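Number of protein chains: 2
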Amino acid sequence: MKKFLNDPVNFVDEMLEGIYGAHKELTYVADDKRCMVTAKPKAGKVGIATGGGSGHLPLFLGYVGDGMLDGAAVGGVFQSPSAEQMYQVTKQIDQGAGVLYIYGNYSGDIINFDMAAELADLDGIQVKQVVGNDDVASSVVGEEHKRRGVAGIFFVYKAAGAAASEGLSLDEVTRIADKARSRTRTMGVALSSCVVPEIGHATFSIGEDEMEIGMGIHGEPGISRKKLAPADKVIDEMMERIFAETDYKQGDNVAVLVNGLGGTPMEELYILFRRVAQLLDQRGVKAKHVWVGEFATSMEMAGASVSVLHLDEELDRLVAAPANTPFFKHFAS
Amino acid sequence: MKKFLNDPVNFVDEMLEGIYGAHKELTYVADDKRCMVTAKPKAGKVGIATGGGSGHLPLFLGYVGDGMLDGAAVGGVFQSPSAEQMYQVTKQIDQGAGVLYIYGNYSGDIINFDMAAELADLDGIQVKQVVGNDDVASSVVGEEHKRRGVAGIFFVYKAAGAAASEGLSLDEVTRIADKARSRTRTMGVALSSCVVPEIGHATFSIGEDEMEIGMGIHGEPGISRKKLAPADKVIDEMMERIFAETDYKQGDNVAVLVNGLGGTPMEELYILFRRVAQLLDQRGVKAKHVWVGEFATSMEMAGASVSVLHLDEELDRLVAAPANTPFFKHFAS
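Chains A and B are the protein sequences, given in the same order.
If you read the first sequence in UniProt numbering, its first letter stands for residue 1, the second for the next number, and so on.
If you read the second sequence in UniProt numbering, its first letter stands for residue 1, the second for the next number, and so on.
Hints listed in this document are in silico derivations from the structure and should not be mistaken for laboratory results.
Computed from a predicted structure; not experimentally measured.
Take the hints with a grain of salt, since some may be wrong.
[As the list claims (entries may be wrong)] SDA-like mimics (lysine to any residue), calculated; alpha carbons at most 20 Å apart, straight line:
hint, chain 1, residue 1, chain 2, residue 2
1, B, Lys2, A, Lys146
2, A, Lys91, A, Gln126
3, A, Lys45, A, Glu172
4, B, Lys2, A, Asp232
5, A, Lys33, A, Lys91
6, A, Lys24, B, Gly251
7, B, Lys286, A, Gly21
8, A, Lys288, B, Ala39
9, B, Lys329, A, Gly167
10, A, Lys226, B, Leu5
11, A, Lys146, A, Ile223
12, A, Lys24, B, Ala320
13, B, Lys33, B, Gly21
14, A, Lys2, B, Ser205
15, B, Lys286, A, Tyr20
16, A, Lys24, B, Gly284
17, A, Lys24, B, Pro322
18, A, Lys45, A, Asp66
19, A, Lys329, B, Asp66
20, A, Lys2, B, Gly222
21, A, Lys2, B, Asp209
22, B, Lys2, A, Glu237
23, B, Lys227, B, Phe204
24, A, Lys233, B, Asn10
25, B, Lys91, B, Ser165
26, A, Lys24, B, Ala321
27, B, Lys329, A, Asp66
28, A, Lys24, B, Phe331
29, B, Lys233, A, Asp7
30, B, Lys227, B, Arg241
31, B, Lys24, A, Ser333
32, B, Lys288, A, Ala39
33, A, Lys128, A, Val141
34, B, Lys329, A, Val290
35, B, Lys146, B, Gly216
36, B, Lys40, B, Ala30
37, B, Lys91, B, Ala43
38, B, Lys227, A, Asn6
39, A, Lys33, A, Glu84
Let the sequences and hints guide you as you build the complete structure.
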């Protein structure tokens, strides 16, 4: 294990100390650094919270800020936060307009966030939930409810966050989040494992010349392991899966997110995006909004994912709205 | 070599195609993608250009945009661009107010940019130069002219870019860039090598439990190779070098950049920043502006650097000014 860390037991808490030290616009409640909220709440706005395991920066807490989220509860590395933590965040960020939870489709998170919603309900706080399931590789069409949530949740945050900032109601923000969710597809590929600090060895092994298409962001099995192909071939295979279950028509607009899993350099991500753009172009589909970088990682895992959001007029406007969070900044476009 | 690429010979050009596809605010001149300029030139403004080898994203071209730079010439991986390329960028970005070159202290770059400045001079374009040399590890005090330029050049771009955006003259922008340069110190540490695509094997070897303090961003030798220490100890050693040659006084303000070299996850960078903040705090020095992330990389190299800019009132204002480039966005603070 070759990492910058002190005692592995303190990995998450020391990381959080660093984040609070660097970003004064973030704070926490319940005397628990894992219960992060914005230091600049907006009166009357629908609150949006997320949460999940640590080890995925900038997921989850990196999107707490203007135009995105209001709070996030985080657990240990790859572990769900508790119901109590999510409940504490919920109480803090409710401004009387209710709270929307947006998180990924993992059983631990679902159990805990359901329980947090029940606790909030006893306090008279209305909570709605949208559960991200963008990972095409994790089930066949027709069983989308089994799919994991991965990097495409960024688009759900972005659209819902902009909607809440516009002052829309909880029902409306929920409708928009759910629309962004249902129109987002992601495919990933992993080249190397990461090491969970408290475990100290690789989560899985993979050959020096192998890739795994469809691997999850915690190392969940993908759909095929094979020899690493040229970048264009990798993207062709990934995008084929996305095209197979979407109905993009000539003239349609999409937003594209090419996400690095942590250990893959930006140069390679742009080489991947180049091919994504070619394939969209061949179909007459316009990549109207593009982000390339690290948006949902597995610490030092090498690999990448491509997420595509099929835009309509409403999502186009919301995705382009400004945002100012520690890890994601966007000027109005 | 485990990378997303096609033919290694096309690594840089395919990366550039991806970047132009994703960022429509960037364009190029002389029919050469390696001669990047902003698509939104500002009349009358002092132009700022940079350049250097590829493989360091977001260096160099990632900082071309509002509030930062106007153009960048890039070479092959870890190779200087040519004088002709820098000259083409210079001609394009000159708005009659002259052009400032800001680049790192490497002999190839110096030779080429000197020649580009001479070519520009023949066209009546005034060019000034500020050569970044922030890397404390690459020479002793008193021989700072031998020091390499590394991640701290970000602060020079930021201050000079803001000054040019305010409409200051070439002399003033140069004075400010030089002041930012002279007040910036960086120390780095590497944990692993990168692989230059056309070479196909690691630039250097380093043991599974070793770190090299002071290594350059192309794998240049550092000042000590030893067993990887706990994160706090690593930072203590790096900051000791910086403190030894600076005169921060209680109540002073600094800007801090904790930079990942490519393969190191954000979680670890925040653990490193946590310790930097503690050490500054012990001296009564305030980290008034903080950035943590990837700002100057060596592709997939694992490692990090810490840059500290000693602020004065002028630099404080300029560093906090807004910027909007593909890779660096900052709302006025």
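Hint-by-hint comparison with the structure:
1. B:Lys2 with A:Lys146: 31 Å, violated
2. A:Lys91 with A:Gln126: 10 Å, holds
3. A:Lys45 with A:Glu172: 12 Å, holds
4. B:Lys2 with A:Asp232: Measuring from Cα to Cα gives roughly 15 Å; hence the hint holds.
5. A:Lys33 with A:Lys91: Holds, because 16 Å separates the two Cα atoms, which is no more than 20 Å.
6. A:Lys24 with B:Gly251: 19 Å, holds
7. B:Lys286 with A:Gly21: 11 Å, holds
8. A:Lys288 with B:Ala39: 17 Å, holds
9. B:Lys329 with A:Gly167: The given pair, whose Cα atoms are some 25 Å apart, is violated under the 20 Å limit.
10. A:Lys226 with B:Leu5: With a Cα-Cα distance of about 16 Å, the restraint between Lys226 of chain A and Leu5 of chain B holds, given a limit of 20 Å.
11. A:Lys146 with A:Ile223: Holds. Lys146 of chain A to Ile223 of chain A sits at ~15 Å (cutoff 20 Å).
12. A:Lys24 with B:Ala320: 15 Å, holds
13. B:Lys33 with B:Gly21: 12 Å, holds
14. A:Lys2 with B:Ser205: 14 Å, holds
15. B:Lys286 with A:Tyr20: 15 Å, holds
16. A:Lys24 with B:Gly284: The given pair, whose Cα atoms are some 18 Å apart, holds under the 20 Å limit.
17. A:Lys24 with B:Pro322: 18 Å, holds
18. A:Lys45 with A:Asp66: Answer holds: Lys45 of chain A to Asp66 of chain A is near 12 Å, not above 20 Å.
19. A:Lys329 with B:Asp66: 14 Å, holds
20. A:Lys2 with B:Gly222: 18 Å, holds
21. A:Lys2 with B:Asp209: 7 Å, holds
22. B:Lys2 with A:Glu237: Satisfied, since the Cα-Cα distance of roughly 18 Å is no more than 20 Å.
23. B:Lys227 with B:Phe204: 17 Å, holds
24. A:Lys233 with B:Asn10: The hint holds at about 15 Å.
25. B:Lys91 with B:Ser165: Holds, because 19 Å separates the two Cα atoms, which is no more than 20 Å.
26. A:Lys24 with B:Ala321: 17 Å, holds
27. B:Lys329 with A:Asp66: Holds, because 14 Å separates the two Cα atoms, which is no more than 20 Å.
28. A:Lys24 with B:Phe331: Satisfied, since the Cα-Cα distance of roughly 14 Å is no more than 20 Å.
29. B:Lys233 with A:Asp7: 12 Å, holds
30. B:Lys227 with B:Arg241: 19 Å, holds
31. B:Lys24 with A:Ser333: Given pair Lys24 of chain B, Ser333 of chain A holds - Cα atoms ~12 Å apart, limit 20 Å.
32. B:Lys288 with A:Ala39: 17 Å, holds
33. A:Lys128 with A:Val141: 25 Å, violated
34. B:Lys329 with A:Val290: Given pair Lys329 of chain B, Val290 of chain A holds - Cα atoms ~15 Å apart, limit 20 Å.
35. B:Lys146 with B:Gly216: Satisfied, since the Cα-Cα distance of roughly 13 Å is no more than 20 Å.
36. B:Lys40 with B:Ala30: 17 Å, holds
37. B:Lys91 with B:Ala43: 14 Å, holds
38. B:Lys227 with A:Asn6: Distance ~14 Å between Lys227 of chain B and Asn6 of chain A Cα, so the pair holds.
39. A:Lys33 with A:Glu84: 13 Å, holds
The earlier numbered hints that this structure contradicts are 1, 9 and 33.
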